[in-house]
Structure formats: C-alpha cells, structure tokens
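Please construct the entire structure, taking both the sequences and the accompanying hints into account.
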Amino acid sequence: MSVPRAPERQWVPLDDRGLAYGDGLFETVLVRDGQPLLWDQHMTRLARGCQVLGFPLPSRDELDRLPGQAGPGLRILKLILTRGSGGRGYLPPASSLPRLRWQVMAFSPQPLRWRDGVRVRHCRLRLGIQPLLAGLKHLNRLENVLARAEWSDPDLADGVLCNSDGWLVESTCMNLFWQREGRLETPLLDDCGVAGTLRAELLAHLAVSEVKATPDVLAGAEAVWLVNSVQGVWPLARLDDAEGGSLATWPIGRAHRHFQAVAHDLLGYPVGFAE
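Numbering (my numbering), first residue to last: 1 to 275.
Heads up, some of the hints might be wrong.
What the hints assert, rightly or not - Pair ranges (Cβ atoms, derived):
no.	residue 1	residue 2	range
1	Asp-241	Leu-91	40 to 46 Å
2	Gly-73	Arg-48	27 to 33 Å
3	Trp-11	Leu-156	32 to 38 Å
4	Gly-128	Glu-243	21 to 27 Å
5	Gln-51	Leu-142	19 to 25 Å
6	Gln-103	Asp-216	36 to 42 Å
Source of the hints: derived by calculation from the structure; they are not laboratory data. The C-beta atom is built at its ideal place from N, Cα and C for all residues, glycine as well.
Take a look at the structure:
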C-alpha cells in the first residue's frame, strides 16, 4: 500500500531561518489509522515553543487536518515549523510569516526491544545549558548528532547524555526513567533537554519524581527505561560506559513490565512482545 506524502511543492528557500539558523520547531507524531496519538500534548509543546521563540502558531484547524492525511495503518507524521524568511542576519523580522512543512512516513516499531530490552552506553558529549530552550523540540540538534556519531555498533540502541554540569538529562532521542529504592524518577529538565509527550503523560499517570541525578545512579537502579511517543518503552538490559565496558545488567522483570504497560496503553502498543 502506498504511503501518503505531503504535497510536492514543499521546497524551502535558502533564506528560510530554520534552514539557516535552526530557528524553528518540530514534532514527530505517531498516527494509527488516521488518529494521532498524544496529539494534544504535541500541540501544547509546539505552542509553547512558538511562544518562547516569538512567532505565531498555525491555526489549530490547519494542524488538526494533517493527521487525517496519514491513511490506514501505523504512520509517522513529521511537522517542521520555522520562523520563515526575513530579518537581517540573526535579527528576526518584526513580523514573522512562519513556514509549515510536513511529511507522512511508514513506520514499524521494534518489538524485540520491547521484549528483550536494549544495550545503551554513556556518551562523552555533554549538553549545553540553556534554560530558556529547556523542554522544547527546537531545530538545533547538532549536540544530538555529534553524540550519536560516537558509536556505530548496531547492538547499541542509544546513548545517555548528561549536561555540562554532569547531571543526567536524556538519551540522544528518548527520555530517561529509572526505579531507585522502589521510587520512579526522571531527570528534571529545567536547563536543557526535550520534554517528551509520552514523558508528560507518564508524569500525569504515575508517581514520578523529577530529580537532579548523576550518571552513577543508573548503574545502581532496580530498573531503567528509555521512552518516547513513537518507539514506546525500551527497558535497559545493559548499560556501558563510553568505552564499551559494562557497568550494569538487568533481567527484564515485573517492574519493567508494569511501567511499560502504563506507557504502551497510551500508544496502543502491547507489552514486551510483537503485535
């Protein structure tokens, strides 16, 4: 079955500020049979990003029409919203005309990672601190690109990132949760990092503390998970240091599955096995 795509004339001019400066935002939305998952949470984050960056959000009616273009099955809708063109150098125009681009892509999750867990490593790169942009899914992602370039081993699913002060933040593309002494915790994202939509829902549904924690916390945790609104929940089966040495391993047990069940219910995914 062919996958619907965005209109062909979605070219972006060279003076687009998103292309030139990363002056914009994006959202990656899981869509099942034309229905977007966690859509209100994605729109809330997009609206907050527009408020912080200081340009107008497209009308909700315009945005709400897009998931219906995805068609049947499981799809990814990617939205990119830039400030548009104009201004002088870094100085933005006094009145912005934002440019919205979107694309629909076929998607299949990775159920073996749900079931068996994943191997993850610590990254050498440290995220810069910028509280004004903390939580936003903005287009400036060079730190994530450089962190992801640290390894090529296909057995490594992701890398854990700290900020320049040494506090845990996230992985290169997912949020981070762990259980310590029976308590669920996740990094406090007050100075950098992306506040994921699934993370927001888990904070609403479960008793989770947002904390500042050093990376050694993970090796001593009873369970660790990576989560996002597209892939769902990957339990950690092994954690490595930045040189590939094993720091900790976990059997995937009841605690892993309970947390996964709550998250996957929000996305329509099963727990730990293929559909």
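Consistency of the hints with the structure:
{"no.": "1", "hint": "Asp-241 with Leu-91: 40 to 46 Å", "in the structure": "44 Å, holds"}
{"no.": "2", "hint": "Gly-73 with Arg-48: 27 to 33 Å", "in the structure": "30 Å, holds"}
{"no.": "3", "hint": "Trp-11 with Leu-156: 32 to 38 Å", "in the structure": "36 Å, holds"}
{"no.": "4", "hint": "Gly-128 with Glu-243: 21 to 27 Å", "in the structure": "23 Å, holds"}
{"no.": "5", "hint": "Gln-51 with Leu-142: 19 to 25 Å", "in the structure": "24 Å, holds"}
{"no.": "6", "hint": "Gln-103 with Asp-216: 36 to 42 Å", "in the structure": "40 Å, holds"}
Of the numbered hints given earlier, the model fails none.
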